[in-house]
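S.K.: Starting from the given sequences, assemble the full structure and let the hints guide the process.
To convert, note that position 20 of the sequence shown is 20 in this note's numbering; the numbers rise steadily by one, no gaps.
In silico lysine to aspartate or glutamate, EDC-like type, Cα no more than 20 Å apart, as pairs:
(1) LYS52 <-> GLU10
(2) LYS228 <-> ASP208
(3) LYS52 <-> ASP25
(4) LYS186 <-> GLU157
(5) LYS186 <-> ASP204
(6) LYS228 <-> ASP199
(7) LYS186 <-> ASP128
(8) LYS52 <-> ASP28
(9) LYS186 <-> ASP208
(10) LYS228 <-> ASP204
The set of hints was computed from the structure by calculation and includes no laboratory data.
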Amino acid sequence: MDDRAVIQTEQLTRTFGGSELPAVDHLDLSVPGGVIFGLLGPNGAGKSTTIKMLTTLLPPTSGRATVAGFDIVRQASQVRRRIGYVPQLLSADAGLTGRENLLLSARLYRVPADERSARLAQALGFMDLVDAADHLVRTYSGGMIRRLEIAQAMLHEPEVLFLDEPTIGLDPVARRAVWERLRELKRRSATTILLTTHDMEEADALCDTLAIMHQGIIAQAGAPAALKSALGADATLEDVFIAVVGGSIEEGGTYRDVRRARTTAHRLG
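M.R.: Structural data, given as structure tokens:
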């Protein structure tokens, strides 16, 4: 394995039950530090299964992977200490305030007690949630919820942040607000961000490098600009996707709206 890679997989495979078709099929992936890396593909491509293996939530059937230099199976506890994870499904508690959600996360992540107040204040300011900090999360918009969840995952200053469909169910304005926070996070820290998406615009706007997943394999990988230019001067990322896998992706408010959208995405993918 490449010691310079923050995330690396070798022949990583996951099958379910008696299925002969792997959800993730002998995946070889290398992600350097300090980048935003995207896994682009439709629901069912293997993106969420990959991220669940890399975050130690799902053991691989075969192959191996390291995150932040630690093996995801043999050194799972070391991996978990060094990562943040924001799943598709809602992770913020609607019955708590934004500040209370952050405090709960700080305790779970074992942020030292004498640092919690400063970390919470920094997170709320960075995610533009100061004015809403003491309101119940059930009153938040979808974009505010997502920013809070990212803040929760960053409290312990992880080396790697995993985001599973980070803007699913959000309107265009909220989606762009989340994008800007992720860009700023990359500028301010050395955190490596791996995100999954089925949104072409999101992949193009955010990712330094992306891998197009199809039926459990990496069908194509590279910087978005390079992938497009290789196809033609006027090519879009959707053109690249169609050329690589022969099809297009169909892209998929309030707390209830976000919960419904993410539940649907989780059921389908």
